[in-house]
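Asker: First to last, the sequence lines map onto chains A and B. To convert, note that position 310 of the first sequence is 345 in this note's numbering; the numbers rise steadily by one, no gaps. To convert, note that position 408 of the second sequence is 443 in this note's numbering; the numbers rise steadily by one, no gaps.
Since the hints were made in silico from the structure, they are not lab data. Just to be clear, a hint being listed does not mean it is correct.
Copies of the same chain are indistinguishable here, so a pair counts whether it falls within one copy or spans any two.
[Said to hold, decoys possible] The list that follows gives simulated cross-link-like pairs (lysine-lysine, DSS-like), each with its CA atoms no further than 25 Å apart:
1. Lys545 to Lys530
2. Lys123 to Lys49
3. Lys165 to Lys314
4. Lys504 to Lys678
5. Lys46 to Lys122
6. Lys508 to Lys404
7. Lys288 to Lys49
8. Lys126 to Lys190
9. Lys409 to Lys368
10. Lys324 to Lys288
11. Lys612 to Lys627
12. Lys190 to Lys288
13. Lys269 to Lys38
14. Lys448 to Lys404
15. Lys324 to Lys285
16. Lys269 to Lys314
17. Lys282 to Lys168
18. Lys560 to Lys591
19. Lys297 to Lys269
20. Lys409 to Lys448
21. Lys126 to Lys47
22. Lys38 to Lys123
23. Lys339 to Lys110
24. Lys220 to Lys336
25. Lys190 to Lys49
26. Lys47 to Lys282
27. Lys404 to Lys445
What follows is the residue order along each chain.
2 protein chains.
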Amino acid sequence: MAKITAHDLAKKQKEISVAEFFERNKHILGFGNPTRALITSVKEGVDNGLDVCEEVNILPEIYVEIKNHEDGECKVIVEDNGPGIVKKQIKHIFGRLLYGSRFHAIRQSRGQQGIGISAVVLYGQLTTGKHAKVTSKIQEDRPATVIELAIDTNKNRAEVISRDIVHWEKPSGTRVEINIMADYKRGKHFVYEYLQNTSVVNPHAQITFKEPDGTEHFFERTSETLPRESVEIKPHPYGAELGTLIKMAKHTKSRKLSAFLKNEFTSMGDRTAKAACEKANLERDLNPKEMTREQFLALHKAFKKVKIMAPPTDCLSPIGETLIKRSLKHETKEISPEFIIIASRPPSTYSGNPFQVEVGLVYGGNLPKDTTVKVMRFANRVPLLYQQGGCATTTAISSIDWRRYGFDQKSGKGMPSGPAIFLIHVSSTLIPFTSESKEAIADVPEIENEIKLALRICARKVQHHIHKKVKRKKTREKFELITKILPEIAKKSSKMLDKPVPILDAVITKIMDIVWIEDLIEYEKVSGKATEKPVQTTLLEGPSERHDSGTITKSKIMVVNYKRTSQKFNLYATIPKDAVVGTVNPKPVKIKSNYIKWNLDTIPSADKIDINFELAGLEEGDFDENDIYIENINPSYVIGANKWEGEQS
Amino acid sequence: MAKITAHDLAKKQKEISVAEFFERNKHILGFGNPTRALITSVKEGVDNGLDVCEEVNILPEIYVEIKNHEDGECKVIVEDNGPGIVKKQIKHIFGRLLYGSRFHAIRQSRGQQGIGISAVVLYGQLTTGKHAKVTSKIQEDRPATVIELAIDTNKNRAEVISRDIVHWEKPSGTRVEINIMADYKRGKHFVYEYLQNTSVVNPHAQITFKEPDGTEHFFERTSETLPRESVEIKPHPYGAELGTLIKMAKHTKSRKLSAFLKNEFTSMGDRTAKAACEKANLERDLNPKEMTREQFLALHKAFKKVKIMAPPTDCLSPIGETLIKRSLKHETKEISPEFIIIASRPPSTYSGNPFQVEVGLVYGGNLPKDTTVKVMRFANRVPLLYQQGGCATTTAISSIDWRRYGFDQKSGKGMPSGPAIFLIHVSSTLIPFTSESKEAIADVPEIENEIKLALRICARKVQHHIHKKVKRKKTREKFELITKILPEIAKKSSKMLDKPVPILDAVITKIMDIVWIEDLIEYEKVSGKATEKPVQTTLLEGPSERHDSGTITKSKIMVVNYKRTSQKFNLYATIPKDAVVGTVNPKPVKIKSNYIKWNLDTIPSADKIDINFELAGLEEGDFDENDIYIENINPSYVIGANKWEGEQS
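The following block holds chain A by itself, in its conformation from the complex (with noise of 0.2 Å):
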């Protein structure tokens, strides 16, 4: 056998164009197969409208349709209402894979990596041999353009082959047509379970979904509010790896290093900036071009000890409590669960790119109670259907030994069984997905220990209703018993010593010695604005913050003394945090985000309390059950409430 050399090998060395890579690892794209390529074709044109409306504050109208034509080869049609595209941009847009604009941006969006559409388009002219048309229209007075492309695989650039003009009725928007091979009659079920979910957790937007026999499918609007505009972040200076530190400084405008510090990162004032340089034992004025790798190194261990504000939030735009819960509760109609419990997390931060973690809990009902949980993602609002096996969430929720809260589980790891829907929803500036197709979230240490603290505060949550319930319904028999008997051989006593029927009230609280809490729930319907004389308003303007809703919930909480002597103590009762707190009635101590707090007067025994509150922004049956919790008494003498732990639980 001849020798092979160096040389010889040398000849085969050559350049991977991106397009012709991903061409050959389709799969990772998320085209591994027909069912999967039609899902995320379909996936990519919708997150791209969705973003694109968002991003002008256009409430989107979204239209899906697909036509199935023989030999598996089906039309995807995605169009939007959004402002439509530049003409000279189109090619780019969609007839290159890594071009986009929401790359360079650190904020919230669906899409991020400039590959989807564009994608969509290679994996169509590689099934079909067919050319992707975009129509699209950025003036209400002007005619709309349409240009047939194709991608040069060789080369990573788009093909035009024909350009026209055409009248669309749209005052703008763009819409998309692409031929894929795809398999219909197995993919219809997950693209219609694709829409559904995103319209559960994208209330503002209206979709429709028109099947190839023309059935036609309308996902309508709930919200007329546009969620928080996610607004673009500068980069953390925690987050900033040392080689990321150097190239910025390498192309920065600024000449000192302060400026550098204070124009290029979030979280950066002078004080901090001083504070690092001095960490650092570098001077303010140095030059950021010329500084030495070593320099750098200083500085970026110098990022680490001294204090930096977190980077803000405003770049992220979860779902809400309230939102979460009226989408689960809308989803489980059928099942009608026994309760329903929501944790979200505080935004934090991994690598410097700020998240925040979003959980609910659906249990009992009709729920099986002898299989795997099932799981419900989403990662910016986009549902995950596929991966479910090897992402985040996954991990997060088997590392948890779920047996002590209920649950069956196999020597306390791994999924869990039990009647139960987990949903969890990660935002982020940069959601670390595990491959470019977007279904799977990888196992960030951060990321995964923030849902693992959600589902704790949930799992603790279900814990305490079980709890409670369990507690009440046991005291509620006692009680029953003593308040039907007593009296009964206390008349019978009486009549047979001819004396009077003595009073029992102290006797029955001797007996019960519990405090008893109690809760009720009512909705009214009222015109115009929601709150009325509040006492306090706490307006936050949470994402699905409503102005129109015409509901009050109001709340009444009743206390009553059942021991020998009296009792004071302190009380808190959780709200959502986007409701807006009306009348409260006694005056509480506190009205945090998430909390009332009152100190409750001494309640002679035999007495009782009663505690009213109005919350307006809500809908009916956004809060149907309050979450009670007691302080400076002793909880095995409380029925209804939980120990308070702190702001956390």
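Starting from the known structure of chain A, arrange chain B on it as the hints suggest.
Answerer: What follows is chain B alone, placed relative to chain A:
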């Protein structure tokens, strides 16, 4: 709010360099956290080293060293004894993503993307700001080249920092040194595991691992033979997407359709090309450059209608049954498993890419009974350590109802529990990894299906095994009872009646009423060539063919007829595909690669027949139990063999 227009958005549209993309999405490349970053770095270096040595037919000697600096920085050094890299290619191979020699070649190799090692360089500079150092020597009598380089991520091109020449005692080779941020403490164990598993499936490689504290681990070479060289092939017509076909026609040098088909595709001879053209209704001398999309479409459809030979499988290099068994045996020494079963599927294709599945199953012994089975995954001889949940191997395992094979499994789905380890190896010219980090295999239906088939074979064998054991035990008890007690009774009765003791053979036979098969395996060390006087030599050039072995495996199968009538049937004994068959007695009617078949002559009632065969090319213990099947006899009469179900089982 000012209206945002398409023009405003257009200003933000930008090209994203592939290096920049991966810098931001480093988790996609396997650098999601500092532990994983360490393993990925070692892995990319080692995979490259093994690939390049095999390409030039050098037995690989890989040296891995990790230096653990403070502050979580590690220096990873990987050195091979390959042919080296010519000077002007070094900067491209290490300093550009998507550059390499293996992407455009259709054959099995570890690297296929041209991303791996440059990704390590990228990660290193991102996290430490330091440059990578590459030493390469391509000729024995010349000095080595040393290049320090960085990657300009905006351009995806290398920046050469310094060039030098040094003396290096190696005849040729490449050494790369990269500083990375990594968690050595946590990663250490995985690096060891990765190298150990690599050594297990690459017995021709010698791997040395030096830890930061100076400890050296040697993973010895146990085979002096390189694996079968995987040959480069052309694309197969079944796998060519329509778009690929069009692209190939555009770039071909052939002027006629028939020549184009024969020159550019594999498995395309004169006849097949002609048949395809006829089915497509196309002239054979059409110029492929002038064909229309419709003509290509017709051709593409015709491919599916014409019988085309499967692609040659010499582009694959599977591990081989014996080697897998030996490795598993070595791996599980301390567990003393009850048995180890291997199933190897014939090569198959997905989208025209040849692939092959091999599965091993270790059962019983000290393996825990109530935990989830352990899975060892390999792709093209590379161990996969992460993302098990998102891997096709897991989907395949989870989709089998293991309860019917004696495993514990919740509702017949998901990972089973039981005392077993599953080893799954997929080799292919293009492993469809779920992401560039190459940690999990995508759920391609064809691959999943082959894995399932291989697993089912193993599962059935487990069942046979357990069944055989139980049946044999029961029968043996019965047998022992009869052969002990009956003579006793006979003796006593004879004595009492004062009559001679009767001969009981016929009675025993009548009571037993079965054919009893038992086997025995012995090993004999011989010097020189392994095979002597072979009746028929089935030399299969398997990947682990070992001429140096001096062990003969001697198998003896004893068949006793305890039925009342004489019996005549066929008997099959399976043998490892990579064994060489020596003396066989009595004369078999068939010796195939994986079994020997005998037509057993009439065995009179209460008589016995011995079958002997010898195997060479195996080591002691490689073949430690016969797998025996019978045909033309009611299987319920036979103890110690199962019904022959055709060649597949």
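Asker: Kindly indicate which numbered hints from before are broken by the structure, ordering the numbers from low to high.
Answerer: Of the numbered hints, all hold.
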